[in-house]
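Once you've looked at the hints, dock chain B against the given chain A.
Sequences listed follow chains A and B, in order. Start counting the first sequence at 8; every next residue gets the next number (this note's numbering). Start counting the second sequence at 145; every next residue gets the next number (this note's numbering).
These aren't lab readings, by the way, just hints derived from the structure by calculation. Watch out, some of these pointers could steer you wrong.
Simulated DEER-style distance windows between Cβ atoms [claimed, not checked]:
1. A:90 - B:323: 42 to 52 Å
2. B:312 - A:250: 49 to 59 Å
3. A:95 - B:463: 23 to 33 Å
4. B:565 - A:150: 52 to 62 Å
5. B:322 - A:237: 22 to 32 Å
6. A:294 - B:312: 45 to 55 Å
7. A:250 - B:539: 41 to 51 Å
8. A:155 - B:534: 26 to 36 Å
9. A:121 - B:338: 13 to 23 Å
Residues from chain A that keep clear of chain B, each with C-beta distances beyond 10 Å, as calculated [to be verified]:
10. 136
11. 164
12. 277
Don't be surprised by glycine CBs; every beta carbon is placed ideally from N, CA and C.
One letter stands for each residue in the lines below.
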Amino acid sequence: MKSRVPAGLRVAFLTSGPSRPFFPLEAAWADLRCFPVSGGWNRAATEAARFRPHVTYCVLDEHFDAASVTSIPGLRVGLVTRPPHGSSGPWPLRAWREALDGLTWFEPPPEGEPEPLAVLPLPVNRARLTPPDFSLRGVVVPRWAAPSAEVMERLGRMEELVVLEPGGSLDDHLALLDTAAIFLTAGYDATGRLDPLPLQALARGLLVVATTGFPPLWGIEPEDDFLVRPEAKLLAAVDEVRRIPDTARAVRLRAFQKAAEFFDSDDVFARLTVDVLLALDASRLVSSTEPSRLRRVR
Amino acid sequence: MKLGFLVGDIVHISGGSNVIIEHAAGLRALGHEVTLIPPTPQEPAGGSWHPKLKGLSIRHLDDCRGERFDFLFATWWLTWFDLHQLEATVYGYFNQSYESRFHPERHYKLQNRATYSLPLFFVTEAHWLERFIAHLQPDARVAYVPNGLSSEYFAGPRNPSARKGPLRVIVEGPWGVPFKGVKEAFELLQMAAHRTPLEVGWLTSYAGGQKPVIGQRPVRIWERIGIHEVAEVLRQHDVMLKLSSVEGMYGPPLEMFSQGGTAITTPVSGCDEYVVHGHNALLAPTSDPLAAVRYLHQLAEHDDVLTMLRTNALATARQWPDWRTATGQFAAALEASARSGYTNAHLRPALASVSAMRTHWLDDVWRFEAEQRSAPHLGEGEWLLMKRYRELKASDTVQSLKRFSPPAVREVLREYAMKVLE
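For reference, chain A alone in the conformation it holds in the complex (with noise of 0.2 Å):
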């Protein structure tokens, strides 16, 4: 997926969280500034106003303060990553409507919350990953998606298995990722709505192996990019791979190629700025076209 954004655009992030997997720390197609929100969003929102940054993406948490990013010129758009309630309760989405040009959801919003500017699955930061490695092997199982005990214990004997402890940072989960062949999912939503673990092991290259299908919408293709098997038949699939790992070959090249094409977050945040110039500031975007300013990205 290609972009093309006008030359010399500085686009800033405000995030809280660990931001490295899901969006791009650098970018060719912007000058692109990440400004953690750990030490307060007044704070954050000052470093970022002295970047003067075309467009900000705020990572929306539930400590978020509206009146301090309206300091920050430019363009200013929310990013809700995760349910908005928290133990005191829902966010306060509307009241930070004002402040904000435009909200990204990352599936259709509860009915009632603002209308989205758009509609995306976590991406992916793929700066640093490779195509996937034939030559490893082991099976890689999130504790809160584990199969019945018995499963898991025939599969301890049957692979190296290497379970995902909750409250483990994700980057030690995403270290355990790249140590791995197959990642093994058997949670009862549909895999990676909730959970960023599975489209990661999916751009690692890993084959995926699920008992519910990705959301429908994000065009990840079963028996294509991973497999779907109900819980009594993932060891099946998992012998069947060490059996014949050449069946895996395939569909492991086409979950790290489906990853590059859809969930790029490089790509995808390209995309989306040249979405937020159109519905804000098509003017902009019009002017770029004249040659000298045209920057074709990756």
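Below, chain B without anything else, positioned relative to chain A:
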């Protein structure tokens, strides 16, 4: 050189066939002896859809036995399993898409994967396929040859045509093929038409009797028209809506570009060959179905954005190689291979083995299915009754009665029971 292309259905309209016909005609014009080889005789009665089909040699498989080809290419994936039937110096695979994605059935997907199991001489039209094959089959030779844009059928205007009135949208694709997204395109257009007046056309090889209406206006349909008539239809529109989810490297948006139109399309595999979001088209992710609706509104509202996209689209098409150039690259790859003395003729027995294995396996599957169809089908309740009956029959009481009853009495009882049940 003597070149053969194993083809599936060549006489009906398809983008894939168009590419084969253009390359075959171009290679013939360069002095090569080219034959299109369908598995069974095909009457090119529908050949009028592509004028170049008439000038090509089409001979079915049996007619070509005993000949030796310098290069013999499989095209549509099922033709791969016929490669071994003919003799060639180089066995090749002109791979236009990962066709496993056309079939939901696992057994087709597994068979399709087998077509990448040998290091053939691959020619492909998309960089993503080139990378895919190179990773999957590192010992294979892989040549990237872009599809051409016909300068005969898609000679473009100097500038995008002036426009006024409602946004003119053309949908492209056949009805009834889910991954072409035609049904979804009409649904989104209907949503967009609530706010934005639209004039909609549909260019299709098969309309399936559908007569869509958008915003109370009937959609104008062009069904099964010849390739030489397509440009005229495209010129009457501003934007193509193409929402397919599976492609190798699609041609219709590029053809639209050549006529001074832009496109709203999905970031489907192969789109990155020439589509640039915000420059010559808009890419609507499948995860955000309403994106296409937003784009339609925005293009209708911002004439300057529409003009910018159309202008850049036209420039993209102008820079794209025509068929003469593209086929020149195809020929150059073949000639370089021939000069180097490359051959993979030794793969013929392996090709034959994989094909034989598939045929035996399919025979077994079909035989099994036929047996299943002819066998009486019992429902869950019937199985339960059967189980209980067998348990009763095996019980000590019944077994004792059987032991102590004379055979004649047992025979009479059996006949009586059969009569009652019948």
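Now the hints, each set against the structure:
The hinted range of 42 to 52 Å is not satisfied by residue 90 of chain A and residue 323 of chain B, whose Cβ atoms lie roughly 32 Å apart. About 56 Å separates the C-beta atoms of residue 312 of chain B and residue 250 of chain A, a value consistent with the hinted range of 49 to 59 Å. Here the CB-CB span from residue 95 of chain A to residue 463 of chain B is close to 56 Å, at odds with the stated 23 to 33 Å. Remark: the range hint 52 to 62 Å for residue 565 of chain B to residue 150 of chain A is upheld by a beta-carbon distance near 57 Å.
Roughly 24 Å separates the CB atoms of residue 322 of chain B and residue 237 of chain A, a value that falls within the hinted 22 to 32 Å. Checked against the hint of 45 to 55 Å, the pair residue 294 of chain A and residue 312 of chain B fails, with Cβ atoms roughly 26 Å apart. For residue 250 of chain A paired with residue 539 of chain B, a C-beta distance near 45 Å keeps the hint of 41 to 51 Å intact. Between residue 155 of chain A and residue 534 of chain B the beta carbon distance is about 33 Å. The supplied range of 26 to 36 Å therefore holds.
For the pair residue 121 of chain A and residue 338 of chain B, the supplied restraint of 13 to 23 Å holds, since their beta-carbon distance comes to about 20 Å. Every CB of chain B lies more than 10 Å from the CB of residue 136 of chain A, the least distance being 14 Å, so the non-interface label holds. With 10 Å as the threshold on Cβ separation, the claim that residue 164 of chain A sits away from chain B holds: the shortest Cβ distance comes to roughly 27 Å. At roughly 8 Å, the least C-beta separation between residue 277 of chain A and chain B is not larger than 10 Å, which violates its mark as non-interface.
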